[in-house]
Amino acid sequence: MSIKETDQNNTPNPKNIVYDTQDLNLWYGETHALKNINLSINEKEITAIIGPSGCGKSTYLKTLNRMVEMVPSVRTSGDIKYNGKSILDRSFKVEDLRTRVGMVFQKPNPFPKSVYENVAYGPKIHGIRDKKTLDEIVEKSLKDAFIWDEVKDRLKENAYGLSGGQQQRLCIARTLAIEPDVILMDEPTSALDPISTLKVEELVQNLKENYSIIIVTHNMQQAARISDKTAFFLNGEVVEFDETETLFSNPSDKRTEDYITGRFG
Amino acid sequence: MSIKETDQNNTPNPKNIVYDTQDLNLWYGETHALKNINLSINEKEITAIIGPSGCGKSTYLKTLNRMVEMVPSVRTSGDIKYNGKSILDRSFKVEDLRTRVGMVFQKPNPFPKSVYENVAYGPKIHGIRDKKTLDEIVEKSLKDAFIWDEVKDRLKENAYGLSGGQQQRLCIARTLAIEPDVILMDEPTSALDPISTLKVEELVQNLKENYSIIIVTHNMQQAARISDKTAFFLNGEVVEFDETETLFSNPSDKRTEDYITGRFG
Amino acid sequence: GSDDESAGNQNGDNKELEGSVVVDGSGTVYPLMAKMAEEYMINSQPNVSVEVSRSGTSAGFETFLIENGTDFNDASRTIKEEEKAKAEELGMNIKQLKLALDGISIVVNPENDFATELTEQQVIDIFLGKYTKWSDINSDWPSDKIQTYGPNENHGTYEFFYENILDEQDMVGDANLQQEYSTLVKLVSEDKNAIGFFGFGYYDNNKDKVKAVGIDFGNGPVKPSLETISEDGPYANFTRPVFTYLNVDHAKEKPQVLDYAIWVMENVNNYAGEVGFAPLPKEEAEKLANELKELK
Amino acid sequence: MATNSNPNKNAVPVREMIEKKKSSKNISSVFEKLVPTILFLFAIVSILTTIGIIYTLFSETIEFFKRVPITEFFTSTELNPLSQNPDFGILPLINGTILSSLIAMLVAGPIGIMAAVYLSEYASDKVRRTLKPMLEVLAGVPTIVYGFFAFTFVTPLLRSIWPAVDATNILSPGIVMGIMIIPMIASLSEDAMSSVPNSMREGAFALGATRLESTFKVVIPAALSGIIASFILGISRAIGETMIVTIASGSSKNFTFDITQSMQTMTAYIVEVAGGEAPAGSTIYFSLYAVAMTLFVFTLLMNLLARYITRKFREEY
Amino acid sequence: MKYIDINQVQQRMNSRIVKNNFLKYIFFFATILGLIVLAALLIQVLYDGLGVIDYQFLTGRLSTEASRAGIMGAILGTLWLMAVVIPVTVIIGIGTALYLELYLKRGRTQSIIQTNISNLAGVPSIVYGILGLTIFVRAMDFGNVVLAGGLTLSLLILPIVVVAAQESIRAVPQHLSEASYGMGATKWQTIRRIILPAALPGMITGSILAISRAIGETAPLTVIGIPALLIPFPEGITDKFTALPMQIYYWTLDSTLVDEYANLAAATIIVLLLILFILNSIAVIVRNKFQQRY
Ligand SMILES: Nc1ncnc2c1ncn2[C@@H]1O[C@H](COP(=O)(O)OP(=O)(O)OP(=O)(O)O)[C@@H](O)[C@H]1O
Ligand SMILES: Nc1ncnc2c1ncn2[C@@H]1O[C@H](COP(=O)(O)OP(=O)(O)OP(=O)(O)O)[C@@H](O)[C@H]1O
Ligand SMILES: [Mg+2]
Ligand SMILES: [Mg+2]
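Protein chains in written order, with our numbering: chain A, 1 to 265; chain B, 266 to 530; chain C, 531 to 826; chain D, 827 to 1143; chain E, 1144 to 1437.
If you're looking for bench data, these hints aren't it; they were derived computationally from the structure. Computed from a predicted model, the values in this text were never measured in an experiment. Please note that the accuracy of each hint is not assured.
[Claimed, not checked] Partial list, derived from the structure: chain D residues whose beta carbon lies under 7 Å from chain A: (1) VAL840; (2) ILE844; (3) LYS952; (4) LEU957; (5) LYS958.
Note that CB positions come from ideal geometry on N, CA and C, so glycine has one too.
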């Protein structure tokens, strides 16, 4: 409940920190997947996370909305503050957190329902029943996700009839429908063709106006193109975290340089 | 029956042709996988087949012992002569062909039986029942496959207890046990570690004395190291077929050059 | 169909009754009881439901002799002392109603043309195993081994045969005793050296498959038939009565139970023959019916 | 609270509405906590069923063994529950059960495995996809129908071929049970054989083996644990089968190995006693539970054995 | 030095190939043998029973008189049984499956319950009959009414329903529930709105197949005790009843008494098989029609 107090409508300070990670460690059973992560993520920016496969990018992202808990063997230490509140605390309701923090997955995963029902799902589970309100939310979310024109005539059709790129934008619209503060994206374009990828990238850049976005990507060009800040992960550690321009043009760590020049990964 | 006449104990003419492929075309349903293949393969030589993934290398190899027929939708046109006999002819008995032409697969596939039984399997199905003869065959084959010393004390153990490299040499021994004329090998080392790979390569070069070997490989160095002749496949066609040395040092086709210098593939 | 349409209307007052009547007990009596239940519902009281089970005489008594037990229990034997004692213990009034007479029929394979007549003693000796071959009885008969058949110990018929005919002497060891009469009839009809026993109804219905043996009780051979089966007739030695027991308390509480009991005693002679039982002497049935009417 | 710093988001004040609804969420959060408890209660039913089965069988069986010595029960070949000096030997029933299951397996084993071989190794995809469901129809026919069929069709047919066969016998229900079990064995064995990787077959073919040789010398040995498990489950099924034997095998309590004769199985005995004259509290009534207990243990052991075999001998390819 | 004499190999080759081809036909024959028997069974049943089936037979009451016997009572009895079996098994079965798959942590408890369920699936149906007789008919004193029979059959098919439901839950891709959780849905909301709808076709198919098993079951009912003659139609779950398979059983047994009973039994089999056929077709249709592609 107290999340409200630090809502984005407070003093519009662009350097507001939305996520503050302190000494985060995470184990999957014996695997030490995240090691002493310290990261402060700003509001209304796009933060990219890059790094070779298995370095812990997805794990970190899933920790931010506590989705990682779905693996039974997970243990964590350290702290993550979301708008000042400690989210790793058991007393913190995950449902609350996830309502404020949306997530978009690598593979488009619409529900096997109609386009409309997909978008209306979030508002509905949060108790919005009024048909008119729902209609408005659906329309607005689909518009914000740049997909309204393509689907407005087939709202009643099953979402699986859409192309992969459309499905992914539908998933983004679905997330927008509950008006989160933050959107987490885990390689949202890796399953898409180049044209759909471009569309999604464009959309992400547009969303930045209203949302804080954290995006995991394999594709360094993509990180460079769209993000404000970039974190480079390696073996569960943050090797470097900086303005995207700085990180790509002038990395301060040798390993970062090796990675972005394609010497490994 | 007439295969015998061209058996390797005939006049030791090194330029004897063991396989002669003429205008071979092959379709998997609609996919045209092999296009107008013409290739003559010499006896007692190592012939390497290289090319990018999906170019039809395995398909061609499997056509040579008609294993490709296991895919129900396969159609072929053209002809393959094995020691002068047309093998694509339905009247040609595949079991006969496969007794003369052994095959080694990419992933080691020993039977889930003892080491001994693996090697004795071929002779047994061909009617050899005598225990002593079988013992001799097993020992000789394992020796020829350079694995006797490693397994002689565990002949009764299950073959799955062996390492990957040992399993692959066991599969080669199993093939040697039926005393084929030709051995087809489909990327026999791609699932092995470097040390095992070297052992298998050494073995292959030794086998050349007595057998005609056709080997598919992804690894151009390997082809260069061990083969006498090399065929370069691309999109189901033979782009170039020549002495290995010539092909690698002085390719006559631009595409071959691009491929061997790593420009694609 | 019913041959006596007026049967239901003889029943004094024509008051419409409803409710259920629960009958359990002997499988031998079952065909008769089921027939009457059905006719009663069709011709007399369509709103009364009479349900008939056939878990057997003894099992039936188990569910009869309890509080809220069944209303009737069919029995192919008289009630045992311990069963009577149990009823007394419960303070339960029960009444024995004799329904009809059954004749134990001795049957052989239809191909058997020699053993058409046997004396009572010969039958007993066969089932005691004193003869093993037909030729042991009569040297003219074939020297094939006799195979005996009968219903198993589950059946009142067996009990009667064992107690009253064999006088509680052990039956021959290799007798083929079956639970199902269907099986039994089949077995006898297909074994030319068979000799078996079962209720008259099963013989009556399968005259094409098995052949009854005439029994000489001292006055020449008698075959079982609706005429010869009676407690003082020529087939008396192999005749046994079948009963149903009424819970009198239920009869007093539930008019449909009493009504059914009266109807049964008034009509049983019309249906007995149809399902292979010989009728009671008229007076005996009437007497029971009148006793029941007094319960009203 | 106002969200006007963010005009774009304000067409519908979703955020605000969600926050408001949250207060009313308490009821649903109680429900949320209740759900696992309710579902747990459902899950407990299966445990209770097992406890119920074991408890009822056990308590009455113990009562039975107070009256009939356990050694007599398991060693006597005489079963005359209703005679004046009753004998309670279960061996005739075990004998009947084993014989009928044996006959069933002699039918279902070879035919089932041959069908599995055909479906897994020889049939084309299309043929397999039509034949397999058709075969499974056989498993869906109620056993009472098979009983009728055994009694009115198979027995007369057998008798016309082999006159020594009795009108009720253990052979006919055994055969029909076998037919009933074919789909089970075929289907489970086919699963086991299909999961043998194709590389095994390729290995055999490359050595010049015919399909028959690759099947019998490579595929079947590799799938053996699955095939054996399917056999054991088939036996378990045959042991527990009731109506076919009840109808078609008569009720003689013979201890004999002559399959042309009538015999009784454990299951048929239970039907006979439960449906016949079995006064509660009598020894014969308790014998029902003792036999049922034996039957339960038999089938349980078979099922555990099947599972053990599949687990323990699972092939690693 | 050659061990393998190519001449001998050649000679053997033909007989090996002939053997292979010959056995192929044997295997094919074995596969269709079951179907041949099925055909024989159907033909025999139709031959015996088809003549009996008419309006009177289907809607009439039971009778000892073969010519006027009808099976409406047995049909209704079977329907009433299903009125107990369907809700009980579907609710408990799906509930159990949800608990096992989604709430219970993998571990000892989970494996005990799971093992228990697969063992229950292998318990002979007649043992369930004894359980029903002891618990429902006697201890709970329901008597041999629909409720007792229905509960007995429910316990009998419960393991099948649970396993089928578990499989359909497992078939719902993880990423769908992740998406739902990712939007702040609670566990129950996710189950109710995402997992259950997606798993439902599979659950329905599995349940129908289990229910058709229950419809054909006879052994447990023989143990519970069903009246041989029951003319009134059952009107509720506390009424006594008879059911289609019981009627087949009684008529088969009594066919010696009255020959025509064999025809009545055959006719009842036709009705029973028809019902099962319809149910199975529905199951297949549900499976094919509502199968999700994710
Ligand atoms: N469910 C799990 N159980 C156990 N270990 C896991 C699990 N998920 C991930 N890991 C391990 O944690 C480490 C980090 O995995 P993670 O998925 O976060 O990597 P990633 O950077 O997202 O990789 P990719 O680019 O391949 O998606 C890896 O070593 C992985 O093997
Ligand atoms: N069973 C099959 N059914 C249909 N198409 C097939 C089948 N096997 C191969 N193909 C197609 O035939 C073409 C040649 O395949 P093939 O396996 O021979 O290539 P390859 O050169 O061996 O590739 P790789 O190096 O990846 O093993 C490919 O386009 C492939 O998709
Ligand atoms: Mg990842
Ligand atoms: Mg290949």
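Evaluation of the provided hints:
1. A hinted interface residue such as D:VAL840 counts as satisfied when its beta carbon comes closer than 7 Å to some beta carbon of chain A; here the least separation is about 5 Å, so the hint holds.
2. Hint status for D:ILE844 relative to chain A: holds, with the closest Cβ pair at about 4 Å, below 7 Å.
3. Taking 7 Å as the C-beta cut-off, the interface hint given for D:LYS952 is violated, the closest approach to chain A being about 27 Å.
4. About 32 Å separates the beta-carbon of D:LEU957 from the nearest beta-carbon of chain A, more than 7 Å, and the hint is not met.
5. The beta carbon of D:LYS958 is not positioned within 7 Å of any beta carbon in chain A (closest approach about 28 Å), and the interface hint is therefore violated.
In this structure, the hints that do not hold are numbers 3, 4, 5, in rising order.
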